[in-house]
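Whole structure, please, built from the sequences with the hints as guidance.
Note that the protein sequences, when read in sequence, are chains F and S.
Note that the working numbering gives residue 2 to position 2 of the first sequence, counting from 1, and the numbers run on in steps of one.
Note that the working numbering gives residue 50 to position 50 of the second sequence, counting from 1, and the numbers run on in steps of one.
Source of the hints: derived by calculation from the structure; they are not laboratory data.
Please read all numbers here as calculations on a predicted model, not as lab measurements.
Treat the hints with care, as some may be off.
[Said to hold, decoys possible] Not the full set, but computed from the structure, chain F residues with beta-carbon under 7 Å of chain S:
hint, residue
1, 27
2, 34
3, 38
4, 42
5, 43
6, 45
7, 63
8, 73
9, 74
10, 77
11, 84
12, 85
13, 164
14, 283
15, 286
For each residue, glycine too, the CB sits at the ideal point set by N, CA and C.
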Amino acid sequence: MEIPYTISTRPDTGLWNAKVGIWLFLASEVMLFGGLFSAYIFLRLDAPPGIWPHGLLNVPVGTMNTAILIMSSVTVVLAWASLKMRRYRAYWWYMLATISCGVIFLVVKLAYEWPQKFDHFGAYIKPEALGKYEQYLGNEYAAAKGLPPRLEITGHLHNRAALNDPKIKEYEVALDPLNAEPTNPAMDRPHFFPLPFTDKIATLEKEDVERATMFLPTHSAYFASYFTITGLHGMHVLGGVLVFIYMWLPVSKKLYQRNPEHLANRVEVSGLFWHFVDLIWIFVFPLFYLL
Amino acid sequence: MNNPPDISQDPKEYEEYAHGIQKHVRGYLMVGALLLTFTAVTVALSYVDFGTRKANIGIAMLVATLKAGAVAAVFMHLAAEKRLIYRILIFTGFFVLGLFWLIFLAWYDYPVFR
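Here's what the structure looks like:
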């Protein structure tokens, strides 16, 4: 059976069918991500002062990934334009560039950014014990400067067994710079280049800690929404890359030789999906990395 | 962009057609450069203190909306599409805005930290 209207336009819609299909699919995607973004807004607006973290993600790496995704949007539209001009060789190279950008994006996220978070530790201090750890929190200083209260001590956990072993009564943490020098004005706002862990070790008694985890979804509503939204977005990137690989392989060259416009239309609809994935990231990046 | 007059036994006709697409390609490259510039602007603005966190978020979302608009209008060809696509998007916009509105209604139900 032949699929109708892959190239010619359907008289009642004025469009070839796949184009209507992809836009209906993207409409459902808007609702999917819309639900998650509205959950993010709700959680964030309801977070008590000092609970919503700021400056925990790697901004230069996030910026680089944003640029990579934007460049891939350009290369995919150039791949499509090349097909329209029947320049298969150029199409092949642009498609390869798009696939490479998608793969780099995923590798950076899954092999660098996420593992770095899994290795970062945070402990929310019980309200009654905040004074005891004032030297690491600097809440008097923060209040005097109108900064949000500091409720968490973060850094590298030396005795990781302490997370699961009830016999270990304290956490030994190589502090993040903010907790090492909480009254240093340079720490009032996050830095563009993340500062490494310091050599300063703090010992946090477990009975003073409200909850302690690595930077996992269980850490906070912030990381729960971060991993959910970037995870779902990453799955979309993966899906796009797999489709592009199919269109880049020799099997698609056969379609090109048989019916070049059909391949061009396939690239156009998958490109529309790819641009949508880019568009979502344009909002994810400032919301999670910068604000 | 219209379908090509599949392309072309006549080299002159092809040249004309390809020239038309090349013009679009220049537009795509310019928008790409603009998006990269605006990404840098977004990052830079996040280190400027606009008084309140809300103001910073508002400005960042404004820049993000401009970028998303450029992607939708140029890369996704929404600047010139068929009416049916706009109809689909009007419905989508209505429902997604409704979703965000519900969130605000729910938020006002529980004034815990406000």
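Comparing the hints with the structure gives:
1. 27: For residue 27 (chain F), the interface hint holds, since the closest Cβ of chain S sits about 4 Å away, which is under 7 Å.
2. 34: With a minimum Cβ separation of about 4 Å from chain S (threshold 7 Å), the hint on residue 34 (chain F) holds.
3. 38: With a closest approach of 4 Å, the residue 38 (chain F) hint holds.
4. 42: 5 Å, holds
5. 43: Check failed: Cβ of residue 43 (chain F) comes no nearer than 10 Å to chain S, outside 7 Å.
6. 45: At about 6 Å, which falls below the 7 Å cut-off, the nearest Cβ of chain S leaves the hint on residue 45 (chain F) intact, so it holds.
7. 63: 5 Å, holds
8. 73: Holds. Min distance 6 Å.
9. 74: Where the cut-off is 7 Å and the nearest Cβ of chain S is about 4 Å from residue 74 (chain F), the hint holds.
10. 77: 5 Å, holds
11. 84: Holds, because the Cβ-Cβ distance from residue 84 (chain F) to chain S comes to roughly 5 Å (cut-off 7 Å).
12. 85: Status holds, d = 5 Å.
13. 164: 32 Å, violated
14. 283: 5 Å, holds
15. 286: 4 Å, holds
In this structure, the hints that do not hold are numbers 5, 13, in rising order.
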